[in-house]
Amino acid sequence: MFEWLENTSVALWVGESLWAYPIMLSMHVIGLAIVVGILSMVDFKLLGGFKGIRVGSFLPLVKFAWIGFLINAVSGVFLFTSQATYFVSSTVFLTKLGCIFIGAILTKVMQGKLVAAEAAGTADDVAMKGLAIFSLLLWLVAITAGRLTAYI
Amino acid sequence: MEAFAQSIEGGIVYTWVTSIYWLWPLMETLHFIGLSLLLGGLIVIDTRMAGFFRGVNVAATHKLLPWVFIGFGINLTTGVLFFFGDPMRYAVNWGFQVKMVLVVIAGLNALWFWVRLNKDMHSWEPNADTPGEAKVVAWISLVAWTGVLLFGRLIPYVGTG
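Chains as they are written, first to last, in the working numbering: chain A, 1 to 152; chain B, 1001 to 1161.
Isolated chain B, as found in the complex:
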């Protein structure tokens, strides 16, 4: 990781990100907008799949997914640029490392949903309780993304070596 970070420093993206003084605050703002869209969509989808807010049609919550992907896309892009702009700080930062592990867990959890539950979802009662396995997936998603926010916000305050 550190060798990779070292290879970035001085590179073309690193130079670009660090040479424009307003780019960092702009990307941070976009990162916050992205997290609002990502979490906004997921809070609705996951709380319903965990069995709450049963007035909301459970399968129809997936209409919110495009906003989740737009938010994720914004944050992946700005996130990669953050990393390229200050690689040595992120590479050794345990807040960042835990955040990335949680993003991977959330991704695998989404894959679990896709493989095991996505097809069945349309046969669930639209306004009834959800199956136990769906609840597990929903809670893992909510906890993982809350952790992503928590550890992401701690990055400036921990393990800068």
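The following block holds chain A by itself, in its conformation from the complex:
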């Protein structure tokens, strides 16, 4: 199946076109900055930082982070197709994918809790330090594993 994927016209375009692969990589790092950048700031807020900013006021930014997630899902699929058989057999790549999968679910869960707390007017007292640390760790491992995919 992954061999078939590697030989689709999309995969060949990404692999052989002069600009497709680098442009997809650039999109991927911009998406990374949006996702991990915003979510890490939300996590730091939940850990007690940034006095003067309401926790609930960060919720629209979390929505924006999902746009970054979309950019990376799309660019990531393009990048994946060009070397599908390699990626699917790479432990570090699968570790990265696992972290992102859990990270996305965790973000959805945290977002849901915050939306409910904001509606109840208790967002600033919400106790989510454990989840915030878990979130930071997942993105840290995802970035590390992603970078090491190029080496291992």
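Keep in mind that a hint or two might mislead.
[To be verified] Footprint (simulated), chain A over chain B, 3 or more residues, beta carbon under 8 angstroms:
no.	segment
1	1019 to 1032
2	1116 to 1124
3	1140 to 1151
[Stated by the list, open to error] In silico lysine-lysine, BS3-like type, Cα no more than 30 angstroms apart, as pairs:
no.	chain 1	residue 1	chain 2	residue 2
4	A	Lys63	B	Lys1063
5	A	Lys129	A	Lys108
6	A	Lys51	A	Lys63
7	A	Lys129	B	Lys1119
8	A	Lys113	B	Lys1119
9	B	Lys1119	B	Lys1135
10	B	Lys1135	B	Lys1063
11	A	Lys129	A	Lys51
12	A	Lys129	B	Lys1135
13	A	Lys108	A	Lys51
14	A	Lys51	B	Lys1135
15	B	Lys1063	A	Lys113
16	B	Lys1119	A	Lys108
17	A	Lys129	B	Lys1063
18	A	Lys113	A	Lys129
19	A	Lys63	A	Lys113
20	A	Lys63	A	Lys129
21	B	Lys1119	B	Lys1063
22	A	Lys63	A	Lys108
23	A	Lys113	A	Lys51
No lab work stands behind these hints: they were computed from the structure.
Predicted model, so just to flag it, every value in this text is computed and none were measured.
Virtual Cβ for every residue (Gly too), placed ideally from N, Cα, C.
Guided by the hints, dock chain B onto chain A, whose structure is given.
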């Protein structure tokens, strides 16, 4: 630039960076973590200063600045070591050159904010629209840093001579 790059090759830092095989991937990982902190903080600060996300107290966004500086510090350090580890490649690379010009533009833009707007910011309505000049600074910052990411990522693919 090339003469400077040549003078680095064979030097003590060059030898150190190139002699430890795991140092380069470690520094790349740190560079990505640094960019996440730098851009994370700036996206919040600049999008708010551009007039979006008005629920966020505009002056209070500057509480995020320490993370921006930590991210910048990590990336300046790892970035200088990258350059010292492979000077001839970076010196002639137009992706790198454009990236550096954009970092300088972003720095001058931050200076513009510091000189002209920083003091006034505390008198802005916390949850209202921002002045036009603030919006210009915010957009220049967002575009410049996005360009830094874009051209930085293109370095391995362009102008290696």
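Which constraints among the numbered hints does this structure fail? Numbers only, ascending.
Hints 2, 7, 8, 12, 16 not satisfied by this model.
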